[in-house]
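*Asks:* Keeping their order, the protein sequence lines are chains Z and Y.
Residues 838 to 1060 in this note's numbering are what the first sequence spells out, letter by letter.
Residues 783 to 980 in this note's numbering are what the second sequence spells out, letter by letter.
Worth double-checking, as some hints may not be accurate.
Stated by the list, open to error - Okay, derived cross-link-like pairs now, DMTMM-like style, lysine to aspartate or glutamate, Cα gap no bigger than 20 Å in a straight line:
| id | chain 1 | residue 1 | chain 2 | residue 2 |
| --- | --- | --- | --- | --- |
| 1 | Z | Lys1040 | Y | Glu875 |
| 2 | Z | Lys968 | Y | Glu875 |
| 3 | Y | Lys978 | Z | Glu936 |
| 4 | Y | Lys843 | Y | Glu962 |
| 5 | Y | Lys978 | Z | Glu1037 |
| 6 | Y | Lys978 | Z | Asp987 |
| 7 | Y | Lys974 | Z | Asp987 |
Bear in mind the hints are in silico, worked out from the structure with no lab data behind them.
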Amino acid sequence: MDADAPSVADEPATPRHATADRRWWDRNKLWLLLLAPLLALALAASGFRFARLYLPWNYTRPQVTAGTTLTFNQDWAYQAKLKGHRQATLTVVSVRTAESEDGRKAAPGAILYRIELEFSAAPDVLMEGCKVFLLGPDGTMYGRGSGTVDLPGAMPGFSLSCVPRDAPGPSIDAVHDVIKTSERERPATWRVVESIALPEGVKPTQVRVQWDPPDYALLGVGT
Amino acid sequence: MIRASRETLLTILLIVAALAVGNVITARLPKADEVANLPFVHTAALGVPVTMRTGTFAVTKVDASPIVGTQLDTAVTGGLFLVLTVDVTASGEPLYPASDDLRIVASDGREFGGRPPVREVCGPAQPGLTLTCMLPVEITPDALAGSRLRLPAANRDIVGPGESEYAEIDLGISADAAAELAGRTTPILLAKPTVKGK
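Build out the structure end to end from the sequences listed, making use of the hints.
*Replies:* Pasting the structure below:
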C-alpha cells in the first residue's frame, strides 16, 4: 500500500525552497517593481546635504582654449527674477610683467603682471561683474588685490572695470530688479586691463575669466 | 512535551541574550552622524605653522592692550584686546582668513571672538605670498592663561554646513604671562596687512 501511494521522494525534482521563492516573487511582484524607484526617491530625499554639489553655485564648467581667443557662451540668472544669455568673444591681447600698474607695484618677493584682454559683445549683453585670474603651472589661481603695494600718492582703482566706464552697456538695477542700459551705446569691442602679482618664480600659464557660476573661460597666455 | 518546552525556553534565552549583546554593542559603537560630523583638528603651538586645506597659518606674536586702533578708528574696552599677529600663506586660490569666525577658547571652555569693533581686513592672501595680519580679539583678562586659538580653515559659507577643519593653536600663555599681558596699557595700532618679503 505504501509503495503505491505517492511519497515525497517521488515528486518531480523541484527543491522545496525554490518553490517557496517563486511563490514569494509572485506574491510581492508589485512591491519588487517599486523597490528601485522607491530607493531612488529615498536617496534623493536625503540628498539635501549635497545641495552644493548639484546646484550650479560653484564654477564647475570650464570653456577652454589653448589659444588666446574664445567665444564664451552662458546663461545667467539674477536671483529668480531676471535672466539672460551672455555671448562674448574674449581675446588675450598680452600678459606681460610690469613695474607698476594702476597705482600699485609688486610687493617684495612678487612680480606684477599686466593682463590686457579684448572683449567683443553685442551692445545689449550684460558684461559687468567679471573677474580675471591668472593660473600657475600647477593650476593655482592668483587674483587681484594681493601681493601689491600702493605707490605713494597714487589712488589705485577699487575694482576691475570689465566694461568701458563711459559706456558700460546694460547693468542690473538691484533696487528695482530691472536691467538698465547706459545712455551711450557700448562699442562692439573694447579693452580690459587687469594687474595681478604672482610670487617670484611662478610663470602664468592660463588666464581665467568668469562672470556667473557655473561657467568660466580658460585661455592661454599667448607668447 | 518537556523536550518542546526546553527547546522553546532555550530559544527564548538565546534571543534575549543576543538582543542584550546587540544593545550593548550598538550603544558603544559611534553613530554615522557623529562620525560624519567629526571635525578635522590640527593642533599646534605659538610660532609653529599649521597647514590646512586652504593654506598655511602661523601665530607669531601675541600682544594685549585695552586700546586698539587703525588709522581711521579706535576702540577701548573695559576688558582687554588680545592682538594676534598671524602669517597666512594661501594655497590653491586667494584666501580671506576667517578672522570673524576664529575663537579664543579659554581653559574653562569660554569662547571669545566675532567681528571686532575695529579691524584691518585681512586678505586677500595670494597663494605663495605670505600675508601678515594683526587680528584683535576682545577678551576678559581672567581667560588669558592657558587659552588657545581655534582658527577655521575658511570663512563660513552662507549656505551649507559649517567649517569642519580648524587649527587649535596653544598660545602658550602661562599664569605669569597672563598677568603681565593684562597689565599692558600701551595702545596698539593695527598695521595694514603686509606681504612678507623673502
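*Asks:* If a hint holds in the structure, say so; if it does not, say that too.
*Replies:* Verification of the hints:
1. Lys1040(Z) to Glu875(Y): holds (15 Å)
2. Lys968(Z) to Glu875(Y): holds (13 Å)
3. Lys978(Y) to Glu936(Z): Judged against 20 Å, a Cα distance of about 19 Å means the pair holds.
4. Lys843(Y) to Glu962(Y): With Cα atoms ~15 Å apart, Lys843(Y) and Glu962(Y) stay inside 20 Å; holds.
5. Lys978(Y) to Glu1037(Z): Given that 20 Å is the threshold and the Cα spacing comes to 13 Å, the pair holds.
6. Lys978(Y) to Asp987(Z): holds (15 Å)
7. Lys974(Y) to Asp987(Z): holds (12 Å)
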